[in-house]
Every structure is written in C-alpha cells, then in structure tokens.
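Chemist: Each residue of the sequence shown is one higher than the last, beginning at 1 in the working numbering.
Be a bit skeptical, because a hint or two may be false.
Distance ranges between label pairs, derived from CB positions [claimed, not checked]: (1) T323 to R219: 39 to 49 Å; (2) P116 to E253: 20 to 30 Å; (3) G185 to T289: 52 to 62 Å; (4) G276 to P325: 52 to 62 Å; (5) G276 to P116: 17 to 27 Å; (6) E74 to N285: 36 to 46 Å.
Hints were generated in silico from the structure; no laboratory data involved. All C-beta atoms, glycine included, are put in the ideal place defined by N, C-alpha and C.
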Amino acid sequence: MVDNTIAAGWDAIDAAAARLYPGVTPKHYGTLHRWSLGGPDPLDGVSVYPREDHWHFISYGMSELYDKESEVAEESGWGFEFTFRVARGHDETDPPMWAANFLQNLGRYVFSSANPFAPGHHIDLNGPISQENPETAIRAAAFAEDPELGTIDTPHGRLCFLQVVGLTLGEYEAIGRWDALGLLGVLRTRLPLLVTDLTRGSVIDDPELAAAIEDGARRDASSTGGLYVQEARWKTDGRPEKTVLTFGANAAERIARTLAGRLPYGRDLSIAGPDGGVRLRPGDNVTVTESGDGYVEVEIPADVLTELTTVLRPTAGVHELRTAPGLVVEIVRSQIRDQEGNVVEVIG
C-alpha cells in the first residue's frame, strides 16, 4: 500500500486487514504532504474496505509506520489507528470522503493537543458529524476497540484498532450519567459492529434500550472522572474573599449531569480547560484548596451539589450560591465551531 522499503508498521496494518479481508484490494487515499514534513494531514493515508452494508475505514498514521521513534517500547506511536464503519447505500460504489476527512480532523486534534483517544473515551463534535449532512442526529462520538480487528503487536509496539462510533446527543448525554463502553454495549444489541448510520435515530427513543441505559446508570453511577471543556477556570475575588468558578454555557448541563452521577456516589470530577481547571469532590463542608497545578479543589456537600447542578444551565450569568456563600458560579457564552474552525453558533 505504500512505496517504502522500510515500513514495518504500515505492513503490520496491511497484514491485519488482509486477515479480515483476504484477497480484497481496498480503495486507498493517501496524503500528498505528510504532517512530519510540515503538511496539514496527520494521517499518511486511509484505506477503505467495502462491506455489503457499510464501508470500513482504516487509518495509517497514528502509529509508527516507518521507524521506531518514541521512547515507549510497548506502544507504536499513539498506540492506535482509527477505524470507522459508515453505513453504505445499496447503490454506493465510492466511500464517502467526509469520513476520511473526519478521521484526519481527529488525528489533527491528537497531534495538536497531545491528548490521545482510547476505548471508552467520548467527544462532543459541536455539530453534525458530516457537514455534508447537516440534518443528521449524529453529533458526538465514542471510541471502542474494533470488534473484528482488535489489538495487534507490531515491530514498533502494540497497536489498538480504535473504532470511532457516531452517537446522538441523547446518547452522549447518557454517557455522562453512566459509561461510554456500557452505552456502546447497549448499542451493540441493535448494531453489532457499531456502524455509524447518519439516518438513524437515538436508541434513547427505544423504551427497552432506554431502560437498559437507566438501569446501568443506577447500578454503576458515572465512570466519567474527567471532562475537557472550552471554558473551565477559577479565581479568587472581593472582600470577603470569594472563589469564582467559570464554565462555558455549552458544557454547563453536561457538567451538571456528570456531577449528579458521581459526587453522590463518593466520586470526584475533574473539569479541565485549556489553562487549568476545577476538581470537585464530595465532602461534609465547603472547602477550597489551590492545588498548585492550575487547578482549584472544592469539596461540595450534598445541599450545595443540589444548588450547583441547578445553576449549571446554558445561560450566561453569575450565581452566588445560597448554600455556599463564599462560592460563585459564572456561566459565560460559548462559541461553537465546525470542523473547519468556523463559528456556527453562540450559546448563552
């Protein structure tokens, strides 16, 4: 698939795909100007295999394709390659290019932020997964080990084939109350290979599946120990001194749902922004401690949690908590950008 005499990592991906698709030549889309040479695309290529009901995308570029460069011997590069299964129409002869571009955008995020994905991770896409299909309900994603390709060993270390799974916002919200892998397990009862279908509705609308999700949330509570959001910062202000916690309107309700799924069960929640963040812990009294790493740690009693989750709404404003006189919550407007970086909506 690549004209390179030393491409052991690439060859390992090809070999894994060949075991699943013996004798099949995929459509391959390569980049002209590699990221490592200053180009815009982190993936050196994407191969697409046709299935009867879907297209199976496999990336090349999140792992070490050519030489072993990282100091982590156990993993190849970031430790994974993306896969993505997109529903295929009966008359489709070419795979949708938006899906390949979407994988490039995910790769760009990882390379730019140094925050890799792993099974169980999830992300709000801030809009439709495909700009070519603005009416789709698929506006978030979760990650799971590819059910057919799994994890392999390569000459450069271990590599997980990490499948991207498109979700509706209702499904994404359920993750905050429960668990991404738990929700994907429920989704597998309808979609065994976790194919992303832009025309499907939400599993939340199915009473049987919705009940299974709620049962899981009640049984297990939320496994989401951390959120990364556009706005999460804090400051001390005024006399007497108050601690102001600032969050973006777009994330406010998600923070509230996740807090309700963790703190009552004795679990902390870390809310990270670009330059620091807030760690909230259950406690008997309100205490505020600077942790020295750009974070503030706040212990929250049950009555304060109730009021806090009430004010965490997508409307800009400042709220002095009645149950915690020294604590102020500020909600600021959020700019929602599409995958090209354009502002498409302002919330709050």
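Chemist: Taking 39 to 49 Å as the hint, is the beta-carbon distance of T323 and R219 inside that range?
Modeler: Given a distance of about 29 Å, which is not inside 39 to 49 Å, the answer is violated.
Chemist: Honestly, do E74 and N285 meet the 36 to 46 Å range at C-beta?
Modeler: holds (44 Å)
Chemist: Evaluate the given range 52 to 62 Å for the C-beta pair formed by G185 and T289.
Modeler: Check failed, 38 Å falls outside 52 to 62 Å.
Chemist: Take a look at whether the Cβ-Cβ distance between P116 and E253 falls inside 20 to 30 Å.
Modeler: Since P116 and E253 have Cβ atoms about 27 Å apart, the given range 20 to 30 Å holds.
Chemist: Given the hint of 52 to 62 Å, is the C-beta distance from G276 to P325 inside that range or not?
Modeler: For P325 against G276, whose Cβ atoms are near 24 Å apart, the range 52 to 62 Å is violated.
Chemist: For the hint 17 to 27 Å, verify it against the beta carbon of G276 and that of P116.
Modeler: holds (21 Å)
The earlier numbered hints that this structure contradicts are 1, 3 and 4.
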